[in-house]
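Those protein sequences? They're chains R and H, same order as listed. In terms of our numbering, the first sequence is residues 1 to 199. In terms of our numbering, the second sequence is residues 200 to 283.
Honestly, the hints are just simulated from the structure, not real lab data. Fair warning: there could be bad hints in the mix.
Which bits of chain H does chain R cover? Going by a derived footprint, with three or more residues having C-beta under 8 Å, they are [said to hold, decoys possible]: (1) 225-233; (2) 264-276.
With beta-carbon atoms standing in for the labels, derived distance ranges [as the list claims (entries may be wrong)]: (3) H:Ala-238 <-> R:Asp-94: 54 to 60 Å; (4) R:Lys-196 <-> H:Arg-279: 52 to 58 Å; (5) H:Gly-282 <-> R:Gly-122: 56 to 62 Å; (6) H:Gly-265 <-> R:Gln-91: 21 to 27 Å; (7) H:Pro-270 <-> R:His-146: 21 to 27 Å.
These numbers come from a predicted model, not from an experiment. Beta carbons: idealized from backbone N, C-alpha and C, even for Gly.
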Amino acid sequence: MAVDRARWEKGITYEAFKAAMTRNQDRFAENEGRVALDPETVKTFKSLPQRLRVLVLAEDWCGDVVANLPILGRLAKEVPTLDVRVFYRDQNLDLMERWLNQGKYQSIPVLVFFDEDFRELGHWIERPASVTARRAQLREKIFAAHPEFGSPEAPVDQLPEDVRGQLQAALQKMREDLVPFANAEVQRELRELVSKVAA
Amino acid sequence: MTTRPVKVKITYCAECGYEPQTLELTKALMYEFGNRLSAIEIVPWESGTFDVSVDGQLVHSMKREGGFPEPHVISAAIRRTAGV
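Just chain R, with the same shape it has in the complex (with noise of 0.2 Å):
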């Protein structure tokens, strides 16, 4: 299905999307308050020249989306002619069937461009590749500094409880500490995503 004016308008804005969160509301708050916007990124999107609408797809219990979702919600809060509506991806699968992720997983976040026309212009999913590929970096060195965790592909439900509670200290840590490299990445495929649509 073609996304329209009517299906746009079943869209949420960011900030109704924010207000009915029945979960993780402090962490994406949280998240938003310490974006850093680069002024490239908010220069960039200024001066397109014209009006994008970005569709996107997210649910609140989802770890990328209270990371990622905040950088596009204060991005829009700069640049007055980005319009951004929220589908809850489990009620829109007609939607996310057409953003699958490597064409068979539904991750989320998904932000979809359009211009003003709903003509697609480009998408965006998840989380940046260089995210993920530096996380699973720290994450062997994690292991190797603590051979206590076992092994990097064991059940995790095998450890003892406190040393589990040690691994997922460490974890959460290794990902706090990645949030500024993680921001600005995401801004660098934002820009590199409309640089080309407005080229």
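Let chain R serve as the given structure and place chain H on it in line with the hints.
Then chain H, alone, in the frame of chain R:
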């Protein structure tokens, strides 16, 4: 016949929205086995995990088998372990 209570652990990705599948499996096992289970432990995790172990033996892994387990597969593993 005497059976041995077994422990089931379900480790699920809390960032992937797998709570419904976790609760559905937990409920199915509670109804089927009742106090023939010593415990059902639910472990919130990450990284797309959905693992089920029975007395420490991994009987389903989303990464290994793909997808979510059919409850009858877990039931069969419990019966084997418990000697039912």
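Verification of the supplied hints:
1. 225-233: violated (count 0)
2. 264-276: Violated, because only 0 residues of the region 264-276 of chain H bring their Cβ atoms closer than 8 Å to Cβ atoms of chain R.
3. H:Ala-238 <-> R:Asp-94: 54 to 60 Å: Roughly 41 Å apart at Cβ, these two residues miss the hinted range, so it is violated.
4. R:Lys-196 <-> H:Arg-279: 52 to 58 Å: Check passed, 56 Å falls within 52 to 58 Å.
5. H:Gly-282 <-> R:Gly-122: 56 to 62 Å: holds, 59 Å
6. H:Gly-265 <-> R:Gln-91: 21 to 27 Å: holds, 25 Å
7. H:Pro-270 <-> R:His-146: 21 to 27 Å: This hint is violated: roughly 35 Å between Cβ atoms.
Of the numbered hints stated above, those contradicted by the structure are hints 1, 2, 3 and 7, listed in ascending order.
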